[in-house]
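One-letter residues, chain by chain:
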Amino acid sequence: MVRGLVGSLLLLTAQLAEAASSGDLGTQLPAWSALPFAGILLSIALFPLLAPRFWHHHYPKVAAFWAVVLLIPFVAAYGGPAVHEVLHMAIADYIPFIILLGTLFTIGGGIYLRGSLRGSPPVNAAIMVIGTALASWIGTTGAAMLLIRPLLRANKRRRYRAHTVVFFIFLVANIGGSLTPLGDPPLFLGFLHGVPFFWTLTIWKEMLLVAGIVLGIYLILDRLLWAKESPEVRQAEMGSEKLRVEGWHNFFFLAGVLGAVIASGVLHLPDVHILGVQQHLQNLLRDGFLLLMAAASWLTTPRRVRQENEFSWEPIREVAILFAGIFATIIPPLAMLRAGEHGALGFIIKAVETPAHFFWATGLLSSFLDNAPTYLTFLYTALGQLYPGMPPRPAILQLVAENHAYLQAVATGAVFMGANTYIGNAPNFMVKSIAEEQGVPMPSFFGYIFKYTLPVLIPTFILATWVFFL
Amino acid sequence: MSWELFVIKGDRALVRGFVHGFVWGAGDPQGVHCEAELPLEKESLATWLQLGPHQRLLVKSQLAERLAAALGETHEELKVQLQERLPVRELAFHVEARVFSPELAAALQEKLFAHLPEGVEVRDKNESQSQDTAARGAELYAPVHHFDYRVSCTFAGTVEGILDLHRRLSGTDFVKVSPLRVR
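In order, the protein sequences belong to chains A and B. The first sequence maps to residues 1 to 470 in this note's numbering. The second sequence maps to residues 471 to 653 in this note's numbering.
Be careful, since some hints might not be right.
As the list claims (entries may be wrong) - List of simulated lysine-lysine pairs, DSS-like, C-alpha gap at most 25 Å:
1. Lys646/B <-> Lys512/B
2. Lys646/B <-> Lys595/B
3. Lys479/B <-> Lys156/A
4. Lys479/B <-> Lys228/A
5. Lys549/B <-> Lys479/B
6. Lys479/B <-> Lys512/B
7. Lys512/B <-> Lys156/A
8. Lys451/A <-> Lys581/B
9. Lys581/B <-> Lys595/B
10. Lys156/A <-> Lys228/A
11. Lys595/B <-> Lys512/B
12. Lys581/B <-> Lys646/B
13. Lys156/A <-> Lys61/A
14. Lys228/A <-> Lys451/A
15. Lys581/B <-> Lys228/A
Treat the hints as calculated values from the structure; they're not laboratory data.
With the rest of the complex left out, here is chain B:
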């Protein structure tokens, strides 16, 4: 399924309301994701100054033409304007995690890599594991974990797959998840 990125100028709440009405009317409530509901990477200050109040949408390609036309028709009345339309090649996000027991490391590996959604791949994976037998047991003044597992990687792929994985990992203990990057 291909997607497009829409950049729309205008009142954010109004755009959001309009888009929600549109997708329900089109019979595909998951066909558009508004920025307010997506943890997208922040834009640069320069972009903000250049465009003024705006928001980004992820739009399924099959709805893109109809949405663009609908926005064009209401442009005058609602004072919203489709500023930019770009094809989405992929979505991506970065993950970092660190745990301190072999059991937790195994559970984390399972959670991160065992059941990847279709169309999602792992890139730049860095994994390290160390064990310090001298650090086993309770320590008061020189606490070091006897086991230390760290992993970082980037997940990239289809919009549906990445959104699903991002939602799954966002609430996971010990896992730091970056915002979504649109490419």
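Looking at chain A on its own, in the form it has when it is part of the complex:
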């Protein structure tokens, strides 16, 4: 690894130095300065499948490898402007992103649904609907963590359970998170880059259609399989323990998070400079308030509730480490895409033209790579195509005003199609793993795709394309 790192550093430094000597960053960066970005995304996608134990113990080193492969030559070649880009990415994107996810995770992990449920089709469908609705407000990871264990408990006696977990992944861990920037990391990244908070609500039609069809298919399938269950399972009484939410006061902290995020998009306070990076004061206040909400949740929630949820900091540690690498390596591709057809990634901009193209290109890549950076990549591809050379924030506002179908296509593609595979969105694997430990025989990677994604999701997305993007 060390030899590879040194070799890559030398090669990239020479190439970047050549580009730096001739001017503007976005138009001069070589296409292969995007390779570390591709490398980290492919590492996140492939290592858990091909070498899970190695990845589990060494992913910080892999993330650091890709970050260093880019950052050292980048800074060596461009000096001050490169350092500014890195600091800007860290202060304006990375830190707020981690603070939001960490806060939602801390608060969501403090809510526990206790009680006996019977895994009949109406009860399962009700859990799906609640989870889908909740995901936009507490995040797909939070909603999945909150409801997967009650769902598994309710279906413990059933013979046919795997389909329920798969549809839970479709609806709660992905599609449900599409309505607010709190729902799914790509949408929060969009918000940080200037997409108005309430804009995401405009994709309710897409969400309703897709979620409605998927839920409908689930109901039919679950009814058919319910009929095949043994009479003892079908006639079993619901347990005696009453349903109740423990740590319910955390919903107030969630409301606080929601208010703070909305306020940061509405208020216009003076700008401040941190290490030379311009930052809106309202964003700093928002981040401080979110940390306060997280701390309040941590201090006021009984430990027992978190133990019931098997709460640990590991998921946030993973996000913090891997996204440090993603945010570091995404700098060149975003700069090149911003430059439009004049940048070295102009071929991508030429290849995707219509909203339907954006929906499928964003979606198919989000199926296999993490959907947050994929969203950002195609958002900037749209900006590069429609408003080349314009600074991102005004360009995004113009995109929302004049060509919102592009943004809708990118947002829905990234969020919906994260459900296409286990590796499309972070909570998918988590849900699979929890279900397997509870005795649910989940389909394999390809079994999931062939048995569920291809017959259920892909036709639904084709219909959504026809209805909304053609």
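With chain A fixed as given, assemble chain B onto it according to the hints.
Chain B only, in chain A's frame:
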């Protein structure tokens, strides 16, 4: 109880119907198992090309002579022919399983090994168990189960015992069961 393997050429549905009639007439409905009702290991292409349409039957030895005679008598009329008759030494099948919690591992071990039918033995058993305390709890990007139990083995023995065990294990979660091999 000893068994024989019959290889019969001819129309599959006709043979099956004939055999069903025969076993009911003989008063022993479980005395013959047709290939269509048994998850037998597939034969090689060469065997298929050599024999043409045929099917295999497992026949209790005490019925074998009578069935062979009955097939011989109707050979012309039904155009079926007893091609081969072999004694069955044993039936066998392979099992692989993997689970991710100690409770499931204990339940699996119980299911696989605690109540073996009479005349069935376990061969080539490979068992491994690992625990990774660093992998406990929910993980988003680096999911590894904190507990991993794998087992594989071959069950071999009498026809009745193996058929019973194969049926019991076929629908079990996390257990992959191979087709039956006749030896």
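Cross-check of the supplied hints:
1. Lys646/B <-> Lys512/B: holds, 17 Å
2. Lys646/B <-> Lys595/B: Holds. Lysine 646/B to lysine 595/B sits at ~15 Å (cutoff 25 Å).
3. Lys479/B <-> Lys156/A: violated, 48 Å
4. Lys479/B <-> Lys228/A: violated, 38 Å
5. Lys549/B <-> Lys479/B: holds, 8 Å
6. Lys479/B <-> Lys512/B: holds, 16 Å
7. Lys512/B <-> Lys156/A: violated, 36 Å
8. Lys451/A <-> Lys581/B: violated, 28 Å
9. Lys581/B <-> Lys595/B: Holds - the C-alpha atoms of lysine 595/B and lysine 581/B are around 15 Å apart, at most 25 Å.
10. Lys156/A <-> Lys228/A: holds, 16 Å
11. Lys595/B <-> Lys512/B: Between lysine 595/B and lysine 512/B the Cα gap is close to 24 Å, so the pair holds against 25 Å.
12. Lys581/B <-> Lys646/B: Holds. Lysine 581/B to lysine 646/B sits at ~13 Å (cutoff 25 Å).
13. Lys156/A <-> Lys61/A: violated, 39 Å
14. Lys228/A <-> Lys451/A: Answer holds: lysine 228/A to lysine 451/A is near 19 Å, not above 25 Å.
15. Lys581/B <-> Lys228/A: holds, 23 Å
This entry does not satisfy hints 3, 4, 7, 8, 13, going by the numbered hints stated previously.
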